[in-house]
Structure formats: structure tokens, C-alpha cells
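> Sequence:
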Amino acid sequence: MSTYMAFVYGILYLLFTTFTFVFEDAYGFTQSNVGLVYIGIGVGMLLGLAVLGSASDKIAIGMAKSHNNGVIKPEYRLPALVPGGFFVPVGLFLYGWAAEKHVQWAVPLLGTLLVGIGIIVSFMCVQTYLVDAFTVHAASAIAANTVLRSVFGAVLPLAGLKMYSKLGLGWGNSLLGFLALAMCVVPFFFVRYGERIRTNPRFQVKL
Numbered sequence: 068m069s070t071y072m073a074f075v076y077g078i079l080y081l082l083f084t085t086f087t088f089v090f091e092d093a094y095g096f097t098q099s100n101v102g103l104v105y106i107g108i109g110v111g112m113l114l115g116l117a118v119l120g121s122a123s124d125k126i127a128i129g130m131a132k133s134h135n136n137g138v139i140k141p142e143y144r145l146p147a148l149v150p151g152g153f154f155v156p157v158g159l160f161l162y163g164w165a166a167e168k169h170v171q172w173a174v175p176l177l178g179t180l181l182v183g184i185g186i187i188v189s190f191m192c193v194q195t196y197l198v199d200a201f202t203v204h205a206a207s208a209i210a211a212n213t214v215l216r217s218v219f220g221a222v223l224p225l226a227g228l229k230m231y232s233k234l235g236l237g238w239g240n241s242l243l244g245f246l247a248l249a250m251c252v253v254p255f256f257f258v259r260y261g262e263r264i265r266t267n268p269r270f271q272v273k274l
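Numbers given in the numbering used here equal positions in the sequence shown, counted from 1, plus 67.
These aren't lab readings, by the way, just hints derived from the structure by calculation.
Some hints here could point you the wrong way.
To be verified - Computed beta-carbon distance windows for the label pairs:
id, residue 1, residue 2, range
1, A249, L114, 24 to 30 Å
2, G129, P268, 26 to 32 Å
3, T97, A210, 39 to 45 Å
4, L103, R263, 43 to 49 Å
5, G235, I128, 43 to 49 Å
6, G120, T87, 27 to 33 Å
7, P150, L103, 27 to 33 Å
8, Q171, A226, 27 to 33 Å
9, K125, L246, 27 to 33 Å
10, V101, A226, 18 to 24 Å
11, L114, S232, 28 to 34 Å
Stated by the list, open to error - Here are the computed lysine-lysine pairs in the DSS-like style, where the Cα-Cα straight-line distance is at most 30 Å:
id, residue 1, residue 2
12, K140, K125
13, K168, K229
14, K233, K168
Note that CB positions come from ideal geometry on N, CA and C, so glycine has one too.
Using the sequences and the accompanying hints, generate a full structural model.
Below you can see the structure in the form of C-alpha cells.
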């Protein structure tokens, strides 16, 4: 789950490297106005935060009542990530090809909005899952998660401009989109097998 979150985090910073040349060169934004394009991701994150923030506990409590006599398992924090994770690849495809074809600037911004929704859903679901799964060791789990995603956030953008110069915005973002689509398997896997892995004696910490 930390690898999944780190990949999504890296995509966020990789997108940031493209905004200036995309909206200045392709759409004629001035240097003072190009900073406004970050609003797309920001609005997406706010929307995702509002929806998931109000629904997360309800989903977990509902699943606990239906499947586990009212006891909430850490895996009950992940179902929202199953559909939420698809916002990232869909947003990347929309952003990349709209910018490649010079479609009206609101369309690629809509793509970044969808990416923002997917990113905040990923962050919230993974963080709450790690806290619930590791209990007294949650601080260490979150720290490890932070280190890994910081590495991805630092390294992936270094390859961004070279990738886009080789593949273009359309196929460059499609490559990221296909990788993000493949990573959507991770939440399915942990919803189904997370408890089996988590309770395996090999992974139990002896105090």
C-alpha cells in the first residue's frame, strides 16, 4: 500500500513539472496566470476530501455490521479506494491527450481535477488503513510510508521532461495512466487478502 501511495505521490509532482510549459506554450497563459492551473488539482482534492471524509466511517461501520459483528477491520478502510483509484488514470489520459490536441484549456484542467480526487482518496484510505493495521506501531508505519513516497516524489519528476520530450504529452501521460491503471489492482488485492497477510504469524511483532 505504501508503494501504491508513493507512485501516486510521484505522479503528482511529475504533473507539476508539466504545467508551466503546457499552459504557457500551448495555451498562451502568462507567467502570472499559469499558477492558477494548480486550482484544478486543489479543487479535486477538496471534493475528494469532502466526499470521502463524510463516507469513510459510514462505509467501515456498515461493513462491520454486515460482516464482522460490528467490529471494524483495517481492510474496511479500503473499499473506497477501489473506485477512487481509477480517477488517477482517467485524469491522466484526459489531461495528456487534451493538452496534446490543444483542446480548450478547461478540459486538461478537468483531467487534473480527476487526478486530484484520486490522489486524496489514495492518501486518506492508505493512511487510515496503516494506522488501523499497525495500531501501536502506526507512527513507524506512517514514517516508512512518508520516506518511500518522498523518494518517489523526488525521483520521478527528474525524468518527467525527458519523457515528455520523447513521447509527447499524450503518450507520456498515457504511459503514466497505464501504470496507474495497473496499480489499481493493489486495493483489490488488499481488500481480499489484506487480513490474511496482516494476521500471518510471520508478520506479527513480538513485544
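> For every hint, state whether the structure bears it out.
Do the hints match the structure? See the list:
A249 and L114 have their C-beta atoms about 25 Å apart, which keeps the hinted 24 to 30 Å range intact. For the pair G129 and P268, the supplied restraint of 26 to 32 Å holds, since their beta-carbon distance comes to about 31 Å. Taken as a hint, the range 39 to 45 Å holds for the pair T97 and A210, whose Cβ atoms sit roughly 41 Å apart. Checked against the hint of 43 to 49 Å, the C-beta distance between L103 and R263 comes to roughly 47 Å, which is consistent with it.
For G235 and I128, the hinted distance range of 43 to 49 Å is satisfied, since their beta carbons lie about 47 Å from each other. For G120 and T87, the hinted distance range of 27 to 33 Å is satisfied, since their beta carbons lie about 32 Å from each other. Checked against the hint of 27 to 33 Å, the C-beta distance between P150 and L103 comes to roughly 29 Å, which is consistent with it. Restraint check, Q171 to A226: a C-beta distance of roughly 29 Å satisfies the suggested window 27 to 33 Å.
For the pair K125 and L246, the supplied restraint of 27 to 33 Å holds, since their beta-carbon distance comes to about 32 Å. Taking 18 to 24 Å as the suggested C-beta distance range, the pair V101 and A226 conforms, at roughly 22 Å. In this structure the hint that L114 and S232 lie 28 to 34 Å apart at CB holds, the actual value being about 33 Å. For the suggested pair K140 and K125, the alpha carbons sit about 13 Å apart, so the restraint of at most 30 Å is met.
With a CA separation close to 20 Å, the supplied pair K168 and K229 stays within the 30 Å bound. Under the criterion of a C-alpha separation no larger than 30 Å, the hint pairing K233 with K168 is consistent with the structure, at around 16 Å.
Violation of the numbered hints given earlier is absent; every hint is satisfied by the structure.
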